[in-house]
Amino acid sequence: MKFMKPSVTAATDNRTASATPVDNSPTTAAEPATADGRSDPADGFLLPVPDDDGAPFWAYAASGELRVQACADCGELRFPPRPCCPHCQSFASEWRRMSGRGRIWSYVRPHPPLLPAYAALAPYNAIIVELAEAPRIRLVGNLVSAPDAALNSVPPERLRIGAAVKVTFHEMADGVTVPRWLLERP
Amino acid sequence: MGATLKDATAIAGIGQTPFAKRLPESEKTLACRAITAALADAGIAPSEVDAFASYTMEETDEVEVAKAIGAGDVTFFSKVGYGGGGSCATVAHLAAAIATGQATVGVAWRSRKRGSGPRPWKNTAVQLPTPAQWTRPFGLLRPADEIGMLARRYMHQYGATRDHFFNVALACRNRANQNPAAVMYDRPLTREMYMTARWISEPLCLFDNCLETDGALACVLVSAERARGCRHAPVYVHAAAQGLPAQHHGMVNYWNDDPLTGPAWTAARHLWKSADFGPQDVDVAQIYDAFTPLIPLSLEGYGFCGRGEGAAFTEKGALEIGGRLPLNTGGGGLSEAYVHGFNLITEGVKQLRGTSTAQVPDASTCLVTAGEGVPTSALLLRS
Ligand SMILES: [Zn+2]
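Protein chains in written order, with the numbering used here: chain G, 1 to 186; chain L, 187 to 569.
A hint or two may mislead.
What the hints assert, rightly or not - If you want a taste of the chain G side facing chain L, the calculated C-beta under 8 Å gives, among others:
(1) Leu46
(2) Pro48
(3) Gly54
(4) Ile128
(5) Met172
To be verified - Some chain L residues flagged as far from chain G (calculated, every beta-carbon gap over 12 Å):
(6) Ser212
(7) Glu213
(8) Thr215
(9) Thr222
(10) Gly229
(11) Val249
(12) Glu250
(13) Gly256
(14) Ser264
(15) Gly287
(16) Thr347
(17) Pro366
(18) Gly415
(19) Cys416
(20) Pro465
(21) Gly489
Calculated directly from the structure, the hints in this document are not laboratory data. Don't be surprised by glycine CBs; every beta carbon is placed ideally from N, CA and C.
Sequences and hints are given; from them, build the entire structure.
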């Protein structure tokens with residue numbers, strides 16, 4: 001198992017229930033890509049920051065495989081990955097390869113204010129895909145017109161709940177690969 | 187059945203600072219102002235305070251608050267996690283402490299400069315790999331994006347429309363227009379404004395999102411017996427509950443059988459189990475409104491209607507004064523102030539004292555809820 005090198009950018013705090021601005025707050029446009037102003041290897045896009053449980057997912061993605069953690073004892077798939085099986089409490093796990101096919105479960109089109117790299121492409125799409133093998137395992141991703149196309153490369157009228165999609169992979173930065181999604185019927 | 191929280195404690199005092207996009211004073215100063223105001227409202231000396239409860243996100247800790255306001259020896263202190271999900275739990279923890287003799291005078295508070303301070307989602311240096319590694323790289327950056335996913339699915343699954351979300355935004359704004367302390371006091375909202383507003387994260391527009399506010403609030407909790415000797419009529423904590431459902435994932439609750447069944451359902455089951463009355467007996471509700479879709483989801487979770495009926499519930503003025511369930515009568519997080527839902531607790535107290543700026547006639551029961559979509563909490567208050 002090869003582990004990706006740690007990324008420079010990290011993710012934001014999603015544990016707050018705080019919200020986006022309303023009409024008494026101006027939109028701020030010119031701000032550094034990261035809070036501490038460091039340069040960023042992915043042109044300002046946030047790279048995944050794996051934890052111990054998630055690292056295999058990203059390592060498999062880097063080799064072009066979509067794999068999901070499964071219990072090595074009872075066989076139940078689980079996502080996000082975690083140390084033990086919520087069904088049988090086994091600590092033994094394996095990573096099972098998925099077909100890469102699924103359907104759009106929901107989607108949003110974010111508009112500013114956003115981090116600058118994302119704001120430059122807004123509105124783009126973010127989608128949730130339920131996997132064909134396990135509909136309750138849903139991956140957040142982007143619907144794109146080609147593996148390396150921009151986050152806004154699919155026209156909004158093509159976004160539809162239930163649309164069939166298939167996985168592809170995109171290298172965001174050196175050694176950092178994320179799954180993305182293409183329409184089955186472009 | 188051993189000790190019960192039912193009506194064992196009461197809120198005897200409430201206090202708040204002004205609300206604004208920007209207040210000059212520090213969060214610590216604002217916290218002390220709200221707390222001393224709440225104690226003065228109750229007629230209780232700060233030296234009698236022996237319990238504190240707040241949010242884990244609260245920046246001013248008990249040590250600072252206690253020594254500034256002149257609290258006595260403190261024998262209970264507690265902090266609750268998950269942002270706005272902890273609001274009602276602060277009161278619930280104090281109630282449990284007082285009912286079991288661990289303390290006698292409790293203060294719960296929240297002070298936050300979210301209006302002039304930083305937006306948490308811009309802090310990309312904070313290392314929170316789980317679950318951010320599964321969402322952030324794809325541009326799901328803000329709470330509005332995360333809840334927008336659930337809102338879109340809810341619309342698809344149950345036929346909810348933007349008009350339903352507008353009903354929520356309008357009810358809150360109408361109440362704020364009656365409340366001089368509300369940030370949006372002099373800013374009416376129309377359907378035209380709503381439907382033409384800029385998007386934040388489709389399907390959510392500007393008016394589906396709560397305010398960004400500087401401000402602080404506090405309340406004082408004592409035993410029911412002590413409250414009856416205080417300055418105002420007691421507002422009893424009739425029931426309290428927290429809720430962290432099985433296989434729940436926080437605001438990105440995308441990875442279980444039914445992501446649209448949120449923590450409200452778990453908190454509600456416990457809340458009603460321990461109450462003498464049910465949803466049909468609630469005179470007024472203060473439901474956490476960081477985003478408008480949280481209202482229909484919460485209406486379903488807390489049992490005011492069936493699954494999938496929350497959007498339709500908002501029709502025909504149901505959330506307005508005189509409607510089936512008057513909502514967020516101070517204006518809520520959408521239009522009074524967003525201080526992690528603490529203003530919903532104090533507004534519940536005002537309703538049951540009969541002193542709200544949008545008073546529901548003869549209100550004697552009030553549901554207050556904390557943030558839905560994250561591990562949550564709720565209170566049933568009665569006069
Ligand atoms: Zn197992």
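- Message: When the structure is checked against the list of hints, which entries are broken? Sort them ascending.
- Response: Of the numbered hints given earlier, the structure breaks none, since each of them holds.
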